[in-house]
Amino acid sequence: MEKILTAENFETELVGAEGAMLVDFWAPWCAPCRMQLPIVKQMAEDGYRVGTVNVSEQMELAGRLGVMNIPTLIVFKDGKEYQRFVGLQSRQTLEYAMER
101 MEKILTAENF ETELVGAEGA MLVDFWAPWC APCRMQLPIV KQMAEDGYRV
151 GTVNVSEQME LAGRLGVMNI PTLIVFKDGK EYQRFVGLQS RQTLEYAMER
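Counting from 101, one number per residue, gives the positions in the sequence shown under our numbering.
Hint data in this document are derived by calculation from the structure and do not stem from the laboratory. There may be inaccurate statements among the hints.
[Claimed, not checked] Subject to a maximum C-alpha distance of 20 Å in a straight line, what follows is the list of computed PhoX-like cross-link-like pairs (lysine-lysine):
no.	residue 1	residue 2
1	Lys141	Lys103
2	Lys103	Lys180
3	Lys177	Lys103
All chains, please: the whole structure from these sequences, using the hints.
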């Protein structure tokens, strides 16, 4: 299951975390985001560490991380940004980034 991330818990979830975590920045009114969400949810169900940030509710967090467009998907490794994707992404692309 994916973890809902907020400005309050973002640092706790990522700082000092080992391994890879995918964070999906999305909004309910964004059609490409709604297309991305099933891919992200399935990855979480399959055991990948996944977090989601609703930018409509977490504008400060999105701004702090420089998220300008959605969907934006960021792979963090060991608590640091490793790779960033903007726009709809395939599961294969996201898995490859997380497993490298």
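Self-check item: Hints violated by the structure (numbers, ascending)
Solution: The structure conflicts with no hint, since it agrees with every one listed earlier.
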